[in-house]
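Visitor: Single-letter residue listing:
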Amino acid sequence: MAALHSRLGYYYYPDDLHYTQAELADWLPVLKSLGARWLTLHASPDRAIPELFLRGLLEADIEPIIHIPCDVGSIDADQISPLLGCYASWGIHYVVIFDRPNLRKKWDSNEWCRTQLVERFVDYILPILEAQQKVGLKPIFPPLEPGGDYWDTAFLQAALSSIIRRGRQPLLQDLIVGIYAWPFDKPLDWGAGGPDCWPEARPYHTPEGCQDQRGLHIFDWYSSAIDQAIHHPLPLLVVAGGALPENSEAGLGMDKHTERNISIARMLEDESIPGNVLNYCFYCLSSVSNAPDRDCSWFRTIEDYRPVVQAMRNFVQLPNMQPYPNQMDKPLQHYVLLPKGMDPEAISNWTVIGDFIQETRPVIGFSSAEAKLAARVTLIGNPHAFADSIEEELNLAGCIVSHLDVDPSINSDFDKSLAFEGELENLPVGEAHG
Amino acid sequence: MIDRNTCIQLIHAARIANRGDFARVVAADWLASWPGDLRIQFLLAQVEFDHQLFEPATVRLMTIINADPEYVEAYTLLAKTLEGSKHPSRAHVFAAVARSLQGRAPKQEQSPSWGISLHQAIIALRARDYALAESEANTALSYDPNLALPSLIAVQAMLGSGSRDAALALAREAHDRWSECIAFKLLLAEDLFACGQTSRGVEYVHQAVAEDPIGEVAARILGVDHPYRNLWPDNMQSDLSRPIPAEVAIVLGKNRLSDSTSSAKTVLTSKAKHNDSASGKPIADSEGFEPESSGAGFVRSSDPTVQEIEKEDDFPTPEPWEAFRGPDSGDNDADLDPAIDTLIDVHEEFERLADQINARRPSRNEDGRVPVYIVLSSRTHLIQAFGADRFYRLDDAIMSLVEANRLRLGWQSYHLYIDDPKSLSTFGLLPADPANAWQIKLRLAELDQSLARRGEMIGAVLIIGGHQIIPFHMLPNPTADDDDAIPSDNPYATTDENYFAPEWPIGRYPSADLDLLIKLLHNAADEGHLKPDQPVKPLMRMYLWIIDHFFPFLRKRPRSLGYSADIWRKSSMVVYRTIGDPRSLITSPPVEADAFPLPGIQTARLSYFNLHGLEDAPEWFGQRDPLSSDNEAEEFPVALRPQDLLNSGHSPDVVFSEACYGANVIGKSTDDALCLKFLAEGSQAVIGSTKISYGSVTPPIIAADLLGARFWENLNLGLPVGEALRRAKLSVASEMHRRQGFLDGEDQKTIISFILYGDPLSCSFQGINHSRSKTVIRSLSRPKHMKTACALNGPDLNQENLNPDLLVKVKTIMSSYLPGMADAQCHIHAQHCGCDGINHTCPTHQLDIKPTSTEMNGTLVATFTKNIDDGMRQHRRYARMTLDSNGKVLKFAVSR
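In order, the protein sequences belong to chains P and U.
Mapping the first sequence onto our numbering, position 332 (from 1) lands on 333, and the numbers just tick up by one.
Mapping the second sequence onto our numbering, position 286 (from 1) lands on 549, and the numbers just tick up by one.
It should be emphasised that the hints constitute simulated quantities derived from the structure, not laboratory data.
The beta carbon of each residue, even a glycine, is placed where N, CA and C say it ideally should be.
Do not rely on the hints blindly, as some may be mistaken.
What the hints assert, rightly or not - Computed far set for chain U versus chain P, every beta-carbon distance over 12 Å:
(1) 392
(2) 422
(3) 482
(4) 649
What the hints assert, rightly or not - Simulated coverage check for chain U against chain P, where a stretch passes if three residues somewhere in it have a Cβ under 8 Å from a Cβ of chain P:
(5) 451 to 463
(6) 496 to 508
Only chain U is shown next, with the shape it has when bound in the complex:
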């Protein structure tokens, strides 16, 4: 429980800390108990104004001035919000009223016709010249201004001059028009008492209590010793529904360190995140903070200049495209207040305090809203799949997970049945067709907007059910292989069309087995599964820092397993070394499923698989290295089968598989999909590709290899598994842009085809050897488009059209790395950024990236395809070679 002073302090501190979302939560919690608290309403309007929520701020401020027409600051802020929402004429009216109440004459050119009269009336009233005040007020009233203030001034003037009857008559009339006005109620109450209407009179006084629980208006109108004081509460408290964020705690802590109110601290004002439409400069925030009790240390800002405190973080520095800021936000160093040195001193003090309390300092680009964990499914489809009775069991399990996530510090959680009006109405959303992936995606975007209004944002999404419950997005295949559409969940992780840059982690429980689904949900809801952010003690932090920097070999890693096809063991080692000793990587051949070291898989917590997969086979396969000495080994031995994962519940916690179709679950069960089998055996997270995936034969690693390496690196940093995958995808995009300036076909396919099956916030496999636990970060800015290339259309340049030398070179490379592919079928296309989509579909065209003639002039992509018979099965293999106009091999990727 918090009292009113604390509430006000928290709101002020949240504004300073740039946590407007928290300020709104605090104000909303208080107003839920005390809706009539005008001061808190005003503070909330200030926060809304800061966030450019002009409409709700305007509505709120109008409510305030209707209740208390003499609330000066409300008029001032209302003028600003109306300016911000492009209503300058109305803004001038309220600005004029504010000036009048402040004792200043309104600007004639901007004042309404009654403005001068009102000003004169106020001046006269304060000077106790009641006759003049009454006269001027009546003049103002003759213009019928749509404000209660002139009537109130007139009533007060009439009372002062002894015209009680006239005053009461006017008060009655005004009360009929502005029934919310507290002053009129109180005056009429006394009149009702005099008339013997005790019941109505007391009711009016009590209404004044409800609308002004502090009693400020009553004290002003009736005097501080009025006889109705007992009606007003003396102990105002309310619950606080959210924990105080670290940034806010820092500010509160700073303010407790010193009770000095020196001007040096006046620069600590909240950031104004808007621009003056006229000048492009930040609008001066003249609203400072009311001086609180001596413990608070807030000071009234005399300097309206704002300065955002730079905060550091220790996350990887974003690439330029990732940190895209858009148009000039108005932050201009040249406009900074000369007291910047003081700011720097204060900022350093904050840094010191943050270190003391182990607070994570958010980046400048971080969205500070409260993250929400969304559990998404389709009520209709679940009932169709499992029946109504069994659906309720699943619903209970879903709610358990939602409730468990609400315990996560700083998170909120909701469940959403996309076709159930009841679960959507809370957010003002309409049901969507649960079979229409695009509609579902749009609903999620709308949900994000709806959450923004309450200071929240989508922080993570967990989809319950497979393709038949919530469909995968079937994205166009960016590569020239036999895959038609690519099942992907990426579009569910973005608010816009750029599904190459997911905004939040997303996971899915794809099973069609109800019991397995319920088990997975309960496991995720288990207390031990959730790791709330908890600060590590300073001594431990120092110990871990020393270990990380000087004795990394002492760092305890979770047990890991790496299992790769022999042919690309070198690439696999590069990936695997992020989680284990590369020398312990298992290769197939020589290892096969029958001889697979099962105890290894059962004790490993992290597992990496770089094997072959087939669309119509449950097994994963190894591949002999043709360059090795053992040519007698089977070329595609069976490396792992579903039945090899014994029913022991000891599967690895995290599984990352590069196998083609490693995450293909459409039409599959636990018996014929290793990913489902892993989940059934206790794995918390399984990452794989829904279609053909690509990687490199040897380093430098690309595509799925690169994704795997980045994923494990992020996991080592302590990120939850979904966030680790999300950032890995962004990292792949970033890296490929750096290397080649665009995302080609296999890059795109890697990003969209790899999916997480599991709880996106799962991190129970984390050890304690992390210096700091991480959280999900969502950026304020994101790239609208990725630079993507297409090599699917245009004429198929057959080998005879190629430069013979180039052809020889290509075949030589192919023979060197993939001898069996030397006679593969070859298709060659020119690669281009942007695409017109003629005769094909591709993500580049889908995302409306127009072709530019100057880019990639002469770049070619040669795609090699060959079916390889291996006794019972046919393995279809792909290799893609990207060459520049000079024939230099830019990239060589092979299918897994």
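In isolation and in its complexed conformation, chain P is listed as follows:
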């Protein structure tokens, strides 16, 4: 099993403007608190990320992934080689050149419309991969857009076949494939098993009832495409991934954003995400106020962050990690745990609770033992109504725990979760509701 949280990572800013020492000083503690072991850094082909910034990360045991998302044909190996040499000399291992070359907008429009698109892309990327290998970096095939204008699995397979055909087998020994692993709006098990499990899947048109690579399990599909092309697996590097916030979930209980991302983190730990996936970088830590990706950020400022941040902090701080039971084995999706011995004043606003229950349709009870059977547990009530150990035990049982204090004045996107005191009792398993 991989080292604890060893694959956990994040995507820094989606720009190359935040590489000062001051920002490193601000973000390092945050990254440590989030258990970051990988950090994707958006870079430019024209100037290097400062060495001090990178060394700071390396010394903090965080592996930088430098991503230069330029358009196809905008740079060549001769232009980028000096930069690659610099990064390699500073201890960097992963530099990703280009971004989503299977998208039409990443090419000149008349270049896109010429035949042999993949071959021409290999003409561009091959010298760069070899340059990376030459200076000691890992050669990384750039991430593709899941699906995309030129179907990504076809693109990847054709490109790898082309590399084989050109006799570049030594390159394939070290090659890593960059990927984007977005779950999109799909369940987290979407596409699990790859094309072997979903043989009816077609490019551009997935039949009703079938699944495809446009979900979290994209790695299964890519692994299959890689195997078809070169007959052995390749490591996958998740340049960016994670669930993105959905506005509809703001306000009550644990938002899906938090739930899904923590679930992904758990999947990293329990190897639901296979071992050839080297990492998983959640997108994104922060961005500038007028950036289009602003709503995807986990942090508005260092102090102002989404609930997922605390949830992740809690997740990574759990000691003595045991293999978690697979969340997929839990019979209950959601359990609302009410405090035992609750008096009416413990919950001041039952109306809100009613709305929440109407919305989420959980099983409701007073039993922590029952609650352990749920994938997600919401503790409702006054923070002091539950024992301190309740939450810890639920976490150990593999539950995603959240708190809901029904006082509306503190129900905001970025309010901090509260701890409750309570008494844990072994209660008989109640009848499942709802």
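Please arrange chain U on chain P, whose structure you already have, making use of the hints.
Guide: Chain U in isolation, oriented as in the chain P frame:
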């Protein structure tokens, strides 16, 4: 950048404006970015068809129908091109297919054996009778027609009837044979997806994108909502490498004036420049224009009759021989469409628009291809002369000039090392021997043909280097003087043998001094040196028109200088008055080199010299008028020396010299050739004669005088200097044909011996007092031969053989005009048109003009020769007198 709609509009407008060259450029620029755009390929094929380029059109159309076998118009046009290229049987095949696709039964007598079956299959398919369609298609396929269409029909029929496996099997087989067919690719892609071959399937779909970037075929085969739409581009643009010509702009402007699509405008179709081989009538161009967005206003032509819009120009009306049209081109007023009145209305509207935008209207005979400025030299000879390192400096300077000329509106420019395969391979030419003038000339002719394929033509030529770099043509001497061969650049200015009628302006930088050459090239490349055609604003045009017509005395002329030998000052005044006040003409004597007003030469922009020259002396000489009162003056005073042109860089911009050997540079340097000295001192253009030149003593002016007068007149019109000289030569030929019906010896020698040293497109000396800037014009038609006369062979009729009265008359005339020549040696020959070349060489024989016994019966040419000692030098003088059979003096020319 232009988008696709604009591209199509431009092509249509260019065809209407009879600018097929521009249409080809637009299409080629678009196809460079989007080679798979079948519609533009088709439009380009139409343009090629218009220009009778049947072979490339055929190849292009075959490509289209292989990619999209259901492209109806391509079959129709392909049938026409095959008819045009004399392949009627193949034409019938494609005509039959076109009819079938249009839903019409093919003509049985002209249809191939499978034609009927194919037609039935198409009809059945459209009627959704898939079983019948499949059956008929299979029947057609059994004949193995070499076309993808029957297979496609069969596949579609099988799919319609549910036989998917059979359809895919046939599609695979057809794809193997016609791999360019987009429809087969798309069908196979879907099959590959079904088989799990994702990578190959997506590649096939992407190939369909490349071969059909508009997505028309995909929409037809897969439906408009097919799932692969994201692969197709949504923003198609390309660069346009040429500015839009004025004629095309007019058409575009006209189409923006109105969005009416009334039938009255349907007559604005492109001109069909070909004949129906059967009927001699223009072939109907049934291809109209696709209706574009509301702003374009193009309309589909329902009337195939074509009508060329007469365009006026304000250039001198060409003489009949100059406007020689050749065989009947098929333009026959009687065949015109009855809507000619509407055409006239539209034409008048065009005229009004052209006036508004100050567009020059080309003549009917004007070659509309893009003119190309060619800089010609020999790499081998330049390296031999200057060394490899220094050659590269010169090469850089040449490229600077080429690049500068590319900035000239409507021009292209190339450099050509005649012996360098690298510079010739672009045009598909082989290297030539740089010492062989004739080979070089042939290469230029081949270059012109090669340029024609890309819609270009030689517009001007500049030769870099003197005789040792690119040799002069040594043409036979048409006169009975001591010149052996005449160094000339005229043959480099023609595509055929008729070097009396140059087709494009030509100039030369003849210096053997590398630094001077580089300086001349850089000067020519200077921005201020090039005057691109720019329209003059309407108010200025009106002002200049008023000045020109009512107040010519207000017109500012460039400062000019005229310097003549006193003996022929009267002729010189006639020439000089075109550029200056005749009263300001300087004569020698009394002026001599020592007393020459140097400030005059330094401030003049235009200079005219009518002095004597010698082959072995650098100076130019005056000559005393024997009829003047001052008989004490020196007979041949030195009028101008090279050292008189001070190193001030202020030489006149343009120098025209009638002096004998005025342009003789073989074996000369700046110290012993005034023409080279002028160039070194900053003159941009020096025109002179390489050998003995002739002129008149008194008006009417002839030969070199006439050439000078015409040259200055053309320069006053705003023509570039090379074009002014070229037209002056044509004008001399025209004038002499008018006067006497042929070109005699001195006429011929004038035309071939006068050469331009300088950039042929130089015009920076032009003032702003021109109502319109001119361009180089090249005619579509040209005379194959000039009517030339020879008086070199035959018996030498000595004076004793002449009628005594005639002899007296001749001597009297000689004494009157040239007293010193009265005792000159005299040779008399009969003059004749055409020549058999016995015992001599002459241009008439060289150009294979056969003698005719009835012409010039009894015309004689008497040539008088005398050496005149003048202290240090001997001046050899010639006089030629042409007499008719009655003894009337037709012409009297004297050497300069």
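Visitor: It remains to establish, for every hint, whether it holds in the given structure.
Guide: Hint by hint, here is what the structure shows:
no.	hint	verdict
1	392	holds, 30 Å
2	422	holds, 18 Å
3	482	holds, 15 Å
4	649	holds, 36 Å
5	451 to 463	holds (count 5)
6	496 to 508	holds (count 5)
Comparing the model with each earlier hint shows no violations; every hint is respected.
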